[in-house]
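Position chain B against the provided structure of chain A, taking the given hints into account.
These protein sequences, in sequence, are chains A and B.
Sequential numbering from 1 applies to the first sequence in the working numbering.
Sequential numbering from 1 applies to the second sequence in the working numbering.
Honestly, the hints are just simulated from the structure, not real lab data.
There's no promise every hint is true.
Example chain A residues on the side facing chain B (calculated, C-beta under 10 Å, incomplete) [unchecked claim]:
id: 1; residue: L80
id: 2; residue: A107
id: 3; residue: N192
id: 4; residue: S202
id: 5; residue: G204
id: 6; residue: Q403
Sample of chain A residues lacking proximity to chain B, with all beta carbon distances greater than 12 Å (derived) [to be verified]:
id: 7; residue: G139
id: 8; residue: E168
id: 9; residue: D224
id: 10; residue: E238
id: 11; residue: T367
id: 12; residue: F369
Listed below are several chain A residues computed to face chain B (Cβ distance under 10 Å; list not exhaustive) [said to hold, decoys possible]:
id: 13; residue: E104
id: 14; residue: D106
id: 15; residue: G191
id: 16; residue: S255
id: 17; residue: T262
id: 18; residue: K271
Every residue gets a Cβ at the ideal spot worked out from N, C-alpha and C, and that includes glycine.
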Amino acid sequence: MKTILRRHLLAFSSALLLAFSFGGAALAATELTMYYPVAVGGPLTKVVDSLVADFHKEHPDIKVNAIYAGNYNDARIKALAALKSGAPAQLSVMFSIDIYELMEQDAIVAFDDIVTTEEEKAWLKSFYPTLMENGVTQGKVWGIPFQRSTIVMYYNKDAFRDAGLDPEKPPQNWSELASMGKQLVKKDAGGNVERWGVMIPSTGYPYWMFGALTMQNGQVLMNDSGNQTYFDSPAVVEALGFWRDLGTKYEVMPSGTIEWGTLRQNFLEGKTAIMWHSTGNLTAVKSNAKFDFGVDMLPASKRRGTPTGGGNFYIFKQTTPEERKAALTFIRWMTDAERAAEWSIATGYIGTRPAAYQTPKLVNYVTQFPPAAVARDQLAYATAELSTYQTGRVRKLLDDAIQSVLTGAKSPEEALGDAQQQADRLLKRYR
Amino acid sequence: MFTSSTRANVYGWLLLSPAAILLIAFTHYPTLATLAKSFFSTGSVTRPSKFVGVENYELMLTDEVFWKVVDNNVWYAIGTIPASIAIAILMALWVNSRISGRGLVRMAYFTPTVLPMIAVANIWLFFYTPDIGLIDQVSSIFGAPSHNWLGDPDTVLGCIIVMTIWKEAGFFMIFYLAALQTLPPELNEAARIEGASRVYYFRRVTFPLLMPTTLFVLINAFINSFKLVDHLFILTKGGPDNASSLLLYYIYEVAFSFFDDSYAATLTVVLLGTLAIVSVGQFLLLDKRIHYR
Chain A
1 MKTILRRHLL
11 AFSSALLLAF
21 SFGGAALAAT
31 ELTMYYPVAV
41 GGPLTKVVDS
51 LVADFHKEHP
61 DIKVNAIYAG
71 NYNDARIKAL
81 AALKSGAPAQ
91 LSVMFSIDIY
101 ELMEQDAIVA
111 FDDIVTTEEE
121 KAWLKSFYPT
131 LMENGVTQGK
141 VWGIPFQRST
151 IVMYYNKDAF
161 RDAGLDPEKP
171 PQNWSELASM
181 GKQLVKKDAG
191 GNVERWGVMI
201 PSTGYPYWMF
211 GALTMQNGQV
221 LMNDSGNQTY
231 FDSPAVVEAL
241 GFWRDLGTKY
251 EVMPSGTIEW
261 GTLRQNFLEG
271 KTAIMWHSTG
281 NLTAVKSNAK
291 FDFGVDMLPA
301 SKRRGTPTGG
311 GNFYIFKQTT
321 PEERKAALTF
331 IRWMTDAERA
341 AEWSIATGYI
351 GTRPAAYQTP
361 KLVNYVTQFP
371 PAAVARDQLA
381 YATAELSTYQ
391 TGRVRKLLDD
401 AIQSVLTGAK
411 SPEEALGDAQ
421 QQADRLLKRY
431 R
Chain B
1 MFTSSTRANV
11 YGWLLLSPAA
21 ILLIAFTHYP
31 TLATLAKSFF
41 STGSVTRPSK
51 FVGVENYELM
61 LTDEVFWKVV
71 DNNVWYAIGT
81 IPASIAIAIL
91 MALWVNSRIS
101 GRGLVRMAYF
111 TPTVLPMIAV
121 ANIWLFFYTP
131 DIGLIDQVSS
141 IFGAPSHNWL
151 GDPDTVLGCI
161 IVMTIWKEAG
171 FFMIFYLAAL
181 QTLPPELNEA
191 ARIEGASRVY
201 YFRRVTFPLL
211 MPTTLFVLIN
221 AFINSFKLVD
231 HLFILTKGGP
241 DNASSLLLYY
251 IYEVAFSFFD
261 DSYAATLTVV
271 LLGTLAIVSV
281 GQFLLLDKRI
291 HYR
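The following block holds chain A by itself, in its conformation from the complex:
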């Protein structure tokens, strides 16, 4: 009550001040334009719209215009183009891995340079550290986690029962993945596979899945300055070898590449007993699976591991101090524990702060639907998603290397050695 009163007083006094300074002009508000990576009319627009409307009720002195800009790529292109042309844009949710591109374009400002009070500084530290990794470089915070996901393992409990395995004990490490996978493979009389043991998608975002395997093998893919990759380190080579072996040596996964877009359908039709996929699929699998399914953390080799994924809040550099303050107020409001909990329940994204999982709403939801907690618990082992300077190119080098190994064209040493060499050439000038 007291805070609301204070906020109202504050709004009133600042409005008064503004009214005076504009010589009695209309009651002015700080207007913010936010680019948001979702297609117009998409399922998330309603959620975001209602959040923004709630924000306006509490902060009548700040007006936020959300511009829905398509996917992450479109949002970045449109926001950067708007900045170039001088159109107003103060903040945006963009891909967490866009950070170096945005820094090279000198488009964003670090949150450390905006926060002033102790409370605000403490807020910067209130997120899951592994979710912050993609937003921190050069010792400063540039991106605040908002819609974030990880990779989890979905498994078909009925298939486990069918294969004589304990449905409550999915594979916990690589060797179990291979051995259980073998038991889960089901062939017809002619020797054709009716059900595979496991599928890890290798189109669309192979580097993302690979980030999980390398982390499990104890090696990250790049440094935190974004100017060095470790594609040819032995642990990375070994991880890619294991991925290929799942198809060729253990024969628990189809060889060749596995399509990202149809994998969920494969799983739902029982063509694979295990799939690795984004937590973003949880709701769809929950409502469409005709069998008993489970969700667990990805298996470990030397340790557990998964990359994080998704979008962060950024504040643009071409902004006035007032706009930056207003943007900060909005972002703090949006990432507040209560909101993070609502957002997580509505979308399936991770609650970005430990405090969110202590709210009654989310505590309740997690007890009713335990898979929702898996992504959270796995955050302790997570790492940043592949992100460097020249990130599109570097990512493609790794994607091509992975696919050339999975299709049997190259050996892991050869493909990753080439990729590392070319990545070095691209990144040399940023060191």
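Then chain B, alone, in the frame of chain A:
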């Protein structure tokens, strides 16, 4: 004041200007700007763009992915153009003859053309998907093992080609059908009286008379083989390991995923040059051999 010829000149230019302004603003200026851009480095705020001469072209010649996509594009053109034209002629002859349910067959042949490429790709994605896809489901009835059609570098380009033919042939059929209906029936009657076989009649009469249409379709098919990449976004994203990537898709990647506009401009110049040379060549070479009435 003005002589009548000046007035006619001004009048003429005024009539031309709306089209000319649009063409210059949206076709010629961008083409020239692209050409100019290809001689500069890609700039960012922290590293402004500067003149680099032919450096981008040198980079291109050593770029393995570039050669791979050119190679793919050549095979894609060879795979799609003759096949889709041949099928289009066959379909046109078929629906031009007096068969029952002709309208229905025509519509069926034309349907793929009406569908957007993205929708088509989404449909075919589920044809090609291993195990649960239509092709694998049908072949499993005959006991064939499942095949990862789009995940195998040896089959992926073929899959894309087949889908494109399916999509394109119906469109070209419409042109052939229109051309066939302008052929005078007396020719057919005369040929029958002379005792010419149907094959002979097609080879010596119908096909030569269709040549103007064939030229038109050929140029369109050729341009399409470089222009159509929508399906790649859905089906393969150019993978695995660039096995199904085409030149225009690579340009898109370089421009909007790598944000290297200079290199994208360089690749675009090559694409434009190729298309220009081939279209001019087709007109000059084939035009002489075509019989226009």
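Review point. Holds or violated: is the Cβ of A/E104 closer than 10 Å to a Cβ in chain B?
Key: 5 Å, holds
**Study point:** Minimum beta-carbon distance criterion (10 Å), A/L80 to chain B
**Key:** 9 Å, holds
**Minimum beta-carbon distance criterion (10 Å), A/T262 to chain B** = 4 Å, holds
* **Given as non-interface: A/E168, which should sit over 12 Å from chain B by C-beta** => 27 Å, holds
Quick one, is the A/S255 hint okay against chain B at 10 Å, beta carbons?
7 Å, holds
Q) For the hint on A/G204, does the least C-beta distance to chain B fall short of 10 Å? A) Hint on A/G204: holds, closest Cβ of chain B at ~6 Å, below 10 Å.
* Residue hint A/S202, partner chain B, criterion CB-CB below 10 Å -> Result: holds, 8 Å to nearest chain B Cβ.
Does the CB of A/D106 sit less than 10 Å away from some CB of chain B? OK, holds: A/D106 within 10 Å of chain B, min 4 Å.
Cut-off 10 Å, beta-carbon criterion: hint that A/N192 touches chain B = 5 Å, holds
Hint check, A/K271 versus chain B [nearest Cβ-Cβ separation less than 10 Å] = With Cβ-Cβ at 4 Å, under 10 Å, it holds.
Take the shortest C-beta to C-beta distance between A/G191 and chain B; is it under 10 Å?
8 Å, holds
Original post:
Does A/T367 sit more than 12 Å from chain B, CB to CB?
Top reply: At about 35 Å from chain B, A/T367 clears the 12 Å cut-off, so the statement holds.
In summary, the structure agrees with every hint in the numbered list given earlier.
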